[in-house]
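Number of protein chains: 2
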Amino acid sequence: MSKVIDFQTDPSKYRHWRVEYDGAVANLFMDVDEDGGLFDGYQLKLNSYDLGVDIELADIVQRMRFEHPEVKTVVMQSAKDKVFCAGANIRMLGGAAHSHKVNFCKFTNETRNTFEAAEEDSGQKYVAAVKGACAGGGYELALACNYIMLTDDSTSAVSLPEVPLLAVLPGTGGLTRVTDKRKVRRDRADIFCSVEEGIKGKRAVQWRLVDEAVPNSKFDEIVQQRAEEFAADSKKADVAEGIALGPLAKTVSEEAVTYSLVEIVLDRAGRKATITLNGPDGPAPADMAAFQAQGDQAYMLRLARELDDAILHLRLNEMEVGLLAFRTQGDPGVFADHEAVLANEADHWLANEVRQYWKRILKRVDVTSRSMMAIVEHGSCYTGVLAELLFSVDRSYMMEDEFDGDNRPIAAITLNDDNFGTYPMGNGLTRLETRFLGEPEHVEVLKGHKGEALEAEEADELGLVTMILDDIDWEDEIRIFQQERASFSPDAMTGMEANLRFAGPETMETRIFGRLTAWQNWIFNRPNAVGADGALQRYGSGVRGEYNMERV
Amino acid sequence: MSKVIDFQTDPSKYRHWRVEYDGAVANLFMDVDEDGGLFDGYQLKLNSYDLGVDIELADIVQRMRFEHPEVKTVVMQSAKDKVFCAGANIRMLGGAAHSHKVNFCKFTNETRNTFEAAEEDSGQKYVAAVKGACAGGGYELALACNYIMLTDDSTSAVSLPEVPLLAVLPGTGGLTRVTDKRKVRRDRADIFCSVEEGIKGKRAVQWRLVDEAVPNSKFDEIVQQRAEEFAADSKKADVAEGIALGPLAKTVSEEAVTYSLVEIVLDRAGRKATITLNGPDGPAPADMAAFQAQGDQAYMLRLARELDDAILHLRLNEMEVGLLAFRTQGDPGVFADHEAVLANEADHWLANEVRQYWKRILKRVDVTSRSMMAIVEHGSCYTGVLAELLFSVDRSYMMEDEFDGDNRPIAAITLNDDNFGTYPMGNGLTRLETRFLGEPEHVEVLKGHKGEALEAEEADELGLVTMILDDIDWEDEIRIFQQERASFSPDAMTGMEANLRFAGPETMETRIFGRLTAWQNWIFNRPNAVGADGALQRYGSGVRGEYNMERV
Numbered sequence: 001m002s003k004v005i006d007f008q009t010d011p012s013k014y015r016h017w018r019v020e021y022d023g024a025v026a027n028l029f030m031d032v033d034e035d036g037g038l039f040d041g042y043q044l045k046l047n048s049y050d051l052g053v054d055i056e057l058a059d060i061v062q063r064m065r066f067e068h069p070e071v072k073t074v075v076m077q078s079a080k081d082k083v084f085c086a087g088a089n090i091r092m093l094g095g096a097a098h099s100h101k102v103n104f105c106k107f108t109n110e111t112r113n114t115f116e117a118a119e120e121d122s123g124q125k126y127v128a129a130v131k132g133a134c135a136g137g138g139y140e141l142a143l144a145c146n147y148i149m150l151t152d153d154s155t156s157a158v159s160l161p162e163v164p165l166l167a168v169l170p171g172t173g174g175l176t177r178v179t180d181k182r183k184v185r186r187d188r189a190d191i192f193c194s195v196e197e198g199i200k201g202k203r204a205v206q207w208r209l210v211d212e213a214v215p216n217s218k219f220d221e222i223v224q225q226r227a228e229e230f231a232a233d234s235k236k237a238d239v240a241e242g243i244a245l246g247p248l249a250k251t252v253s254e255e256a257v258t259y260s261l262v263e264i265v266l267d268r269a270g271r272k273a274t275i276t277l278n279g280p281d282g283p284a285p286a287d288m289a290a291f292q293a294q295g296d297q298a299y300m301l302r303l304a305r306e307l308d309d310a311i312l313h314l315r316l317n318e319m320e321v322g323l324l325a326f327r328t329q330g331d332p333g334v335f336a337d338h339e340a341v342l343a344n345e346a347d348h349w350l351a352n353e354v355r356q357y358w359k360r361i362l363k364r365v366d367v368t369s370r371s372m373m374a375i376v377e378h379g380s381c382y383t384g385v386l387a388e389l390l391f392s393v394d395r396s397y398m399m400e401d402e403f404d405g406d407n408r409p410i411a412a413i414t415l416n417d418d419n420f421g422t423y424p425m426g427n428g429l430t431r432l433e434t435r436f437l438g439e440p441e442h443v444e445v446l447k448g449h450k451g452e453a454l455e456a457e458e459a460d461e462l463g464l465v466t467m468i469l470d471d472i473d474w475e476d477e478i479r480i481f482q483q484e485r486a487s488f489s490p491d492a493m494t495g496m497e498a499n500l501r502f503a504g505p506e507t508m509e510t511r512i513f514g515r516l517t518a519w520q521n522w523i524f525n526r527p528n529a530v531g532a533d534g535a536l537q538r539y540g541s542g543v544r545g546e547y548n549m550e551r552v
Numbered sequence: 001m002s003k004v005i006d007f008q009t010d011p012s013k014y015r016h017w018r019v020e021y022d023g024a025v026a027n028l029f030m031d032v033d034e035d036g037g038l039f040d041g042y043q044l045k046l047n048s049y050d051l052g053v054d055i056e057l058a059d060i061v062q063r064m065r066f067e068h069p070e071v072k073t074v075v076m077q078s079a080k081d082k083v084f085c086a087g088a089n090i091r092m093l094g095g096a097a098h099s100h101k102v103n104f105c106k107f108t109n110e111t112r113n114t115f116e117a118a119e120e121d122s123g124q125k126y127v128a129a130v131k132g133a134c135a136g137g138g139y140e141l142a143l144a145c146n147y148i149m150l151t152d153d154s155t156s157a158v159s160l161p162e163v164p165l166l167a168v169l170p171g172t173g174g175l176t177r178v179t180d181k182r183k184v185r186r187d188r189a190d191i192f193c194s195v196e197e198g199i200k201g202k203r204a205v206q207w208r209l210v211d212e213a214v215p216n217s218k219f220d221e222i223v224q225q226r227a228e229e230f231a232a233d234s235k236k237a238d239v240a241e242g243i244a245l246g247p248l249a250k251t252v253s254e255e256a257v258t259y260s261l262v263e264i265v266l267d268r269a270g271r272k273a274t275i276t277l278n279g280p281d282g283p284a285p286a287d288m289a290a291f292q293a294q295g296d297q298a299y300m301l302r303l304a305r306e307l308d309d310a311i312l313h314l315r316l317n318e319m320e321v322g323l324l325a326f327r328t329q330g331d332p333g334v335f336a337d338h339e340a341v342l343a344n345e346a347d348h349w350l351a352n353e354v355r356q357y358w359k360r361i362l363k364r365v366d367v368t369s370r371s372m373m374a375i376v377e378h379g380s381c382y383t384g385v386l387a388e389l390l391f392s393v394d395r396s397y398m399m400e401d402e403f404d405g406d407n408r409p410i411a412a413i414t415l416n417d418d419n420f421g422t423y424p425m426g427n428g429l430t431r432l433e434t435r436f437l438g439e440p441e442h443v444e445v446l447k448g449h450k451g452e453a454l455e456a457e458e459a460d461e462l463g464l465v466t467m468i469l470d471d472i473d474w475e476d477e478i479r480i481f482q483q484e485r486a487s488f489s490p491d492a493m494t495g496m497e498a499n500l501r502f503a504g505p506e507t508m509e510t511r512i513f514g515r516l517t518a519w520q521n522w523i524f525n526r527p528n529a530v531g532a533d534g535a536l537q538r539y540g541s542g543v544r545g546e547y548n549m550e551r552v
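Just so you know, the protein sequences line up as chains A and B, in that order.
Counting from 1, one number per residue, gives the positions in the first sequence under the numbering used here.
Counting from 1, one number per residue, gives the positions in the second sequence under the numbering used here.
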């Protein structure tokens with residue numbers, strides 16, 4: 001699996017999904033092309049999926065929000081007879097490297113979180129209309145929809161057969177959504193997750209596994225009726241027209257990936273990637289009307305899309321890059337102007353979408369399983385949403401005082417309203433609240449410094465950066481840290497960061513990434529699942545996996 | 001590692017710890033016997049520990065509460081020069097089977113939770129008085145104390161060097177307590193967990209890693225002063241005399257472990273253990289004074305101690321037993337009388353200790369990594385605290401109507417006040433609240449049924465059991481479930497149960513078992529840590545582990 005995985009796609013390229021737009025309702029059909037797998041060696045039968053299928057879904061969800069703001073209900077359904085979705089492709093899982101499996105699952109989780117939150121964030125409710133088998137990752141797809149309808153016939157069922165069939169978990173949200181979203185009684189959940197054939201009809205309703213079981217003969221009609229009811233109930237304002245998301249300007253070379261505003265420079269020997277985010281290349285639009293006229297070229301949206309793609313590119317294509325170093329360069333004042341356009345009309349549908357998108361990207365950074373640092377050089381532009389990066393990374397280093405021969409503006413950080421609630425983490429707190437969990441009153445102190453250009457000494461005193469360094473120490477300290485980080489066991493880094501980054505409360509979201517994923521990763525390393533005689537390899541052979549019976 | 005591990009000990013047998021009692025203050029000295037390892041193949045140098053050391057500590061913590069209720073402050077310290085504690089023994093970890101390592105860590109975690117909670121539960125505050133190196137599990141011991149004092153000299157430091165030195169995590173509470181208890185800023189935590197040599201003196205205070213740094217010359221004096229201050233501030237009532245905890249009546253044979261009230265019957269071929277809890281063998285004492293006169297022979301305490309030992313025995317000695325089946329037999333009315341003695345004088349120090357102990361045992365059941373079922377037969381005794389078992393296990397099966405030839409009293413379940421708050425789970429909710437997370441109003445309904453003997457049909461309607469079965473189906477259904485369970489991958493069971501059992505909120509406690517432990521277990525399976533060229537094997541050789549550099 002060494003080809004470059006591209007996360008950019010558009011409807012003209014879809015092989016696995018199609019959407020029919022009908023006013024406030026969009027009908028989303030899953031129709032996976034068996035021969036359209038991202039890699040060789042497996043067929044995507046029965047609407048099973050791999051990363052490629054999920055990349056298309058993520059693209060659809062994103063376009064639904066920007067290109068089709070008129071949509072208020074999305075009905076996810078299968079275009080195939082007798083099967084809704086059979087889940088992640090097992091041959092693909094059996095053949096994939098651990099690192100690919102885990103990063104694939106993470107992306108899948110993020111996509112599900114995105115359409116799950118679309119109702120609250122953007123007034124777009126996803127409804128699963130399930131006909132036929134809805135198994136494993138298929139039911140996990142449905143679980144991430146906020147309403148599940150199941151046809152009540154003799155064959156349609158929802159199921160999580162991973163444990164009995166494959167000796168792995170329903171690990172992309174399944175177990176957690178069963179207990180925490182659907183709030184299924186735990187002994188029933190235990191039965192449900194042990195029964196290969198799943199649960200049907202009224203019992204599925206009674207057990208809270210679906211919201212409604214509908215007679216087969218009326219299914220399509222009632223699904224359409226519900227979709228319209230939900231659309232009518234939506235609090236989403238009517239929006240006539242969206243904006244088009246065109247292709248990104250992106251150049252991939254051996255040592256770099258270059259976008260219009262974002263640049264990745266790779267140092268493979270040092271196992272490091274430097275990601276530079278550039279400040280605005282033009283003045284801010286006058287208002288959201290002007291912003292909308294700029295469309296996908298509006299600075300704040302363009303920067304977001306490029307950063308998002310950059311992170312995904314690194315995650316799936318550069319497995320040995322252990323450290324991501326973020327840097328920014330640009331005029332903080334102009335950047336603040338661009339942010340202010342969004343903030344001033346925060347209720348404008350597009351302002352909301354752009355800000356929600358930044359929220360998602362920052363969350364993606366939070367759960368990126370690489371060591372991350374922010375470099376606050378002279379000339380940098382850490383204001384508002386870009387300052388959030390400082391509190392998302394593991395460490396930040398800031399230049400103090402003038403540097404010999406460097407005549408860029410002195411390094412400074414500027415907080416604004418957006419650092420105090422616009423972009424909550426998965427745990428429901430702001431990054432500053434999480435950072436100062438031990439001193440909640442300090443967050444109040446920081447509010448008093450909004451709008452100030454905080455130079456090194458003050459930023460340090462206020463606890464906003466890890467370390468400030470002058471011209472004498474700067475290069476050495478950063479080099480030492482980077483080398484040290486590159487020398488540590490990547491596994492230990494993954495485990496350490498997954499624990500240190502999420503202090504405080506938990507949400508269903510953090511539990512999926514923190515608890516469920518960790519147990520699944522453990523199982524993905526155990527011979528009972530992935531060994532030569534394990535369940536994944538033996539699946540389909542008619543012979544059950546051979547298990548070491550020791551309980552851990 | 002195949003010898004039977006015994007969790008029973010007493011001060012006459014201690015090799016690693018000693019306690020000096022001095023009124024309201026107890027001085028607890030760690031003085032590990034290098035040659036006193038539980039297994040061969042390693043020496044317990046520098047106050048490093050293995051399970052045997054922790055078994056003694058758990059015994060001390062338990063006796064502190066029952067035998068020494070006069071104690072209000074416990075000062076944990078080292079009896080060795082220059083080292084407080086070097087953490088878990090690395091040779092032991094390097095040589096241990098995965099299942100032993102994980103179960104050892106779990107027991108260690110439980111012991112730490114116990115002395116951490118002793119302040120809130122019993123008014124006994126644990127203080128760590130740290131002189132010398134306090135590394136890894138050593139600092140994790142200190143972290144579980146509610147006040148940490150560090151001598152301010154040139155060599156004493158606290159550290160978590162697991163990541164840089166061993167490529168594993170500070171995985172028995174370390175990372176979680178740093179972020180969630182000490183609330184250390186995350187970038188500082190990141191540095192702290194990357195620096196082999198740790199952090200000293202005033203910086204350790206500034207970073208919230210310790211509460212106080214004290215000049216070496218005054219250390220002992222100020223420690224003693226603090227201990228007395230804490231004792232004076234304690235809300236614990238003065239209690240003149242405790243009760244002695246004598247040895248358990250316990251017989252271990254090939255197929256069974258028998259106590260006075262508890263019996264384990266092993267079915268190794270079926271990978272199952274049946275644990276029978278017997279009802280009272282005598283009438284309830286008149287009051288807590290009479291209870292105290294009975295001492296460790298009082299029914300409610302004796303049953304608790306035997307059950308606790310039984311679970312630990314199975315966890316560490318019967319690794320291939322995948323299913324624990326709980327059953328009770330006895331007179332529910334007499335059992336209720338025994339419970340009522342505790343409830344009626346809940347503020348009596350001993351009543352409180354017994355109930356707090358039951359809380360801990362039930363939590364131990366909750367996190368026991370085996371499939372668990374409860375069997376509600378005729379003649380059973382599921383009342384109050386024993387009914388909690390029904391809501392702790394994964395599934396419960398209850399006899400319905402009369403069974404041919406069975407003239408025991410008809411199976412019934414009786415709820416009382418103790419099911420609604422006395423024994424919260426680690427997540428802070430009651431087991432019934434967790435069970436009915438989706439229908440919180442149902443918990444209120446259940447309160448209306450307190451004191452009623454709920455037979456099968458009603459128990460089923462009220463959602464208290466998984467399944468009710470009559471004479472015709474009983475044996476088959478239970479056999480089928482048990483066989484099915486025994487056929488599944490034990491790893492998948494572990495992961496599934498760890499996720500399904502803890503719906504709802506999280507606490508530091510659940511995060512330690514759920515998130516931190518899961519990541520540590522993953523790392524404990526990765527070649528970077530445990531492979532032939534991994535860090536644990538190479539430790540001490542002067543050669544660093546050889547790492548696969550892929551990030552997962």
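For the record, the hints were derived by calculation from the structure and aren't laboratory data.
Don't take every hint at face value.
Identical chains share a label here; the pair holds if one copy fits it or two copies do between them.
In silico lysine-lysine, DSS-like type, Cα no more than 27 Å apart, as pairs [unchecked claim]:
{"id": "1", "residue 1": "K3", "residue 2": "K250"}
{"id": "2", "residue 1": "K447", "residue 2": "K183"}
{"id": "3", "residue 1": "K45", "residue 2": "K181"}
Which numbered conditions among the earlier hints are violated in the structure presented, ordered from lowest to highest? 3
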